Structure formats: structure tokens, C-alpha cells
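Residue strings, one per chain:
Number of protein chains: 2
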Amino acid sequence: MSKIVQCVPNISEGIRHEIIEAILAPLQNQPGFQLISYEPDQDYNRTVITLLGNPEAMIEPLVAFYGKALALIDMRIHKGEHPRMGAVDVCPFIPIQGIDIDECVEYAKRLAKMVSETYQLPIFLYAKAASMPNRIQLPDIRKGEFEGMKEKITLPEWAPDFGQAICHETFGVSAIGARIPLVAYNIDLPTMDEKIASSISKAIRASSGGFQHIQAGGAVLLDKNHVQVTMNILDYKKNPIYRIFETVKMEAARYHLTITSAEIVGLLPKEALTDSLKYYLQVNQIPYRKDFTLDEIVSLSQQYLMFRDFGKDKIIEAFLEL
Amino acid sequence: MSKIVQCVPNISEGIRHEIIEAILAPLQNQPGFQLISYEPDQDYNRTVITLLGNPEAMIEPLVAFYGKALALIDMRIHKGEHPRMGAVDVCPFIPIQGIDIDECVEYAKRLAKMVSETYQLPIFLYAKAASMPNRIQLPDIRKGEFEGMKEKITLPEWAPDFGQAICHETFGVSAIGARIPLVAYNIDLPTMDEKIASSISKAIRASSGGFQHIQAGGAVLLDKNHVQVTMNILDYKKNPIYRIFETVKMEAARYHLTITSAEIVGLLPKEALTDSLKYYLQVNQIPYRKDFTLDEIVSLSQQYLMFRDFGKDKIIEAFLEL
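Protein chains in written order, with the working numbering: chain A, 26 to 347; chain B, 26 to 347.
One or more of the hints may lead you astray.
Chain B stretches covered by chain A per the calculated footprint, using a threshold of three residues with CB under 8 Å from any CB of chain A [said to hold, decoys possible]:
#, segment
1, 225–235
2, 255–269
3, 337–345
Capping the alpha-carbon separation at 27 Å, the derived lysine-lysine pairs in DSSO-like fashion look like this [to be verified]:
#, chain 1, residue 1, chain 2, residue 2
4, B, 227, A, 303
5, A, 263, B, 263
6, B, 104, B, 177
No wet-lab data here; the hints were simulated from the structure.
These numbers were taken from a predicted model, which means no experiment stands behind them.
Ideal Cβ positions, reconstructed from N, Cα and C, are used throughout, including at glycine.
Turn these sequences into a full structure, and let the hints steer you where they fit.
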């Protein structure tokens, strides 16, 4: 079985399409891996890019991609709803098939070293690749964001893992790492009151005493004219989507808000959906079938989890079957 | 304002009523504090005792109470469902009014020193009074229980805070400490299938990735002919009762079970109820009033949180108003 990883670089540009295209160019039509999707978000001014395939084949193109982001993004003028610290804000390797997390850590370190040496950029290793406990959680590294990094990076405990302890003037810094698959999950709330989204986020997220594997925050989507509870589910087996969805629904009831839509950003494993669909099928006394097709899973997810903009191309297994 | 604490010693006897009465005698009819309640549990073979009042007045009677437990309980023949390590298994001081947690820590240390010196008993300080991180959580100290303590206490990291590192032959050891109020909360499920209660417990408790301040397990109530999700809410501000109740209700739906009752064991602060009632009043668009009487709060709690066997005598403030 060939080694397959998912690699999900996030760049701090979600508005200027020609710039996004230029930065992505080195990742297009390469042997050994596919550029599965990229999702520019105007409000976040950020694009989540998803690669799938052999990590060996990804390294050189990723180095070239970092070079493009360095040339084309100026963090001094970047504004967006999502916290960020660099032009390529973060780049995780995620084991999918025939590879374990430790090998992904090695690929992360190789990429970090090459990017740092090629462009003199400061790189932090994070998640499973972290060199210190305070670097495991990305938000801890990113705290202070681009604007605060100039000073933060000079502190001994925040010296980068690769490169000099100087924040690059236009690029900022980048975090490269390895982690198990997470589900980037947002629930739309039909209001423009950000306080509601923030208050619901606090009810459910680990950092405020909620579910242990949930990161969450409130965000205003001016573009879409509503707010979101924007989340990462770091362990979808222990904190399944349905449990989060139902808890947010319950909290929203005190504001007399009815949730009508939610979204998945990037890819998710089929199992993250089927685990949650089983809940709704049980509640509705409909038998779960092991041979549900991906199309059926998509349709059930739209029905029960209220996903918008959702299709087979969000499910990792759709690409493994190609 | 006079200083008021709640003190909740747990003794390893829940069956022989004359023994329980004899052990409690030093705590009865004392000036400065009240023996609010004691709740013997036959299956647990354990009695939870609740004192409320001035901590200064409690110390001497508590020392005498430890003496009675030492004389009347033999841990070598004690059997029960609840884990335990001593005749007085645990004794926490909880700040209620006009006193902070640090002062409660001082009272815990005073009691620990006096009990240890008077009877040559080994005492561990726990929770906020803990001297080491591995002594914060009571289950960590208690691991191995009475039977394993003989050897455990000889390990350097488990030397007691007071007394010699020798487990008392009949008493065992005791933990004395200070903590904020917790809510002992059980939700009844109309089934005899313990697996359902266990599975729901796993969905919500901290140790399986659920809410951070929830301890939970499944229990069969043979005499009531149903199971329970039995919980401690260690921080009712961060994990309010309503959120736990609604999440358990949602999880129970997959088993087609409708929750019809729940219970509070021991006392809880009024605020733990009003914080949760606000949720239901908001959902139902009924204004919350700051001047709700305790009777109104009891009645709303029965209606929305489905408490059975519930009255004013479960609310700490009912005793403060006397």
C-alpha cells in the first residue's frame, strides 16, 4: 500500500483570486499527489488548501509554494477575521493510509528545515512535531498574531525551531507539524450578533471547560450576513459532530435561534460522518447500513447535520477510491 | 458576616445504624454549626454527612468524631460498592459565606494535624489543600484503596502529609482538604440496562473527553427499578446543570428513552439552580426575577430540571436564612 498523507496548508489570502492561483501554481498537476481543493474565505481572508498523496512527492512543490507566498503576500497589510501569524500560516501533515504519525513528523521537520534554509524564514514545529509542550497547540504559538510576533519571537521560550529568532517583515512566521485528522466545522447562526456566537463557543470549547477536544470561537461573516460558531474537532471519535451540533442547537435555543446550516472546511474522514449519522438514524429508528454509498452518506449528512456546500469531494475516501 | 463553611465527611459505614449514630454523636447539637443531614447508602456501605456553620466551632467535634470512627469501624472487614481508603474516607471544607478557599485550606491543615497527633493516623491533604499535584484529585490518592494503602504509603511520593508512613491497621488513612462546592447530581433513566447509563456517562464525562468538570458513571438502582447516570459537577459555573441535563436527554434519545426524573444528593448553592433556570426561562420567554423565593426556585427546578425528592432543604441558602 502506498503512503498517503493529507497536507493542509493555510495561506493568509482569501480575496484576490489571481494571487491565490499564483501561490497554488507549484502544487498543481504534480506527480504523486493531488491538489484536492482550496477554499478561499473572504471574511477570514484566508484559503485552506488540501493536498492528498505521497508526502515524498509533496516536499519540493511545497517549498516552491512557500516561495510564492513569500513573494506575493504582505502580512503588514493583511486583515481578516481568522487569527494568523504568517503568509503560510500553518502546514500540517496528516497520516491517511500506509503511514504513521511519526513518519509525518519526519516529513514536517524536513519541510521546515528546507523552507527555513531556502528563504531564511522562522518556522515553529507544532502538534505531534512540537519540540516543547507550549508548542503543541497552534493557538498558543499564534497568540499575539503577526503583529505581536516581532517581539514574542525574541523571548527565549519562543525561539523558532528552524531559522533565526527574527519575524520576517512581510511573511511573518509559519508553523509546520503533524497531527491526526481534525474536522474543521462551522455552524451558522441566523443573527449578526457576534456575542451570541462567542457565548455559545464558550459553552462548548475545551478552554472554557466544555468538550475536551473542541476549539471554538465566534466569527462574523459579513459576506453571508450571519455569524458562525467556528470550530476544530480535534478528536471526532470522542467528540462526534452530532454531539456538538445538538449542543450548539440547545444553546442557541435560549436566543430563540434555529440553526439551518453548517459547513465542513477541507476534508473529513467518512467515519466522522457515519459515527454521527448513526445517532440520527437510531433516533429515527432507521437501520444503519454498512454499505451506504458515499452519495447516500452525503445526502444523509445534508439532511441531519444540515451541511451546505457539501459533496463527496469533502470525504477523504472519495479520493482514495479513485 | 460570620464565617460559614460546609463540611462533608464521608464515613465507611452505611448499614449499621446504631454504629452510624454513635460516630455522629460528637457532631450533634453543637454550638456554632449544624448537622444538616446524613445519607447512609447500603450498596455503597458509606454515609455522607453534611455540616454547616462556623469552621472554628467544628474542629474539636470533628476530632472527637474521627476518634469514634477509629473505635467503631474496622476497614479489614468493610465491603461496599464505593471506592474507599479509610474509616473517615474524606473530609472536605467548602467555603460558603464570609470565608475564602485559602482560609478553608488552613482549617483543613489544622484538623489534619490534630487528628494525626491525637490518634497517630496518617492524613493526606487533598484538593486545594494538596501539597503535590498528584494529591489534588481524590481518586489518585485513593487508588489501590484500603487494601493497597499498606504498601502504597511506604513509597516516597505517597508519604502522608501528617503522621507516619504506616497505614493504620483498622482505620486505614484519611484525606482532609478544601474545595469549592460541587453538585452531586444523578439523572434517572427508565431502563434496567446499565450499559446505556455507562455509554451516556462516557459521552459527557471529562475522563472520556466530554465536559471538563464532570465525573460520571452508570449505576443500577435495584430498589427503584431503573438505572442512573450518577455525576459530580465539579464546577457548576462552567458546566451548568441544564447543559448536562440537556446533553444526557439528547444522548438518551438514541435509545428511545425519555428522562422523567433526576436528583441532587446533599446540598447545592442556590446559584447552581438559578444559572440553569435562566436557560429554561429564556427558552420559554419568561422573565427571570432576582427576587424569586426559594419556594419558587424549588418549584421551577422540579418543573424544568425534573428533580424528584427535592425541597428547600437541598439549598444551602435555606440554612443561611434560618
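Check: Hints broken by the structure, by number, lowest first?
Finding: 3
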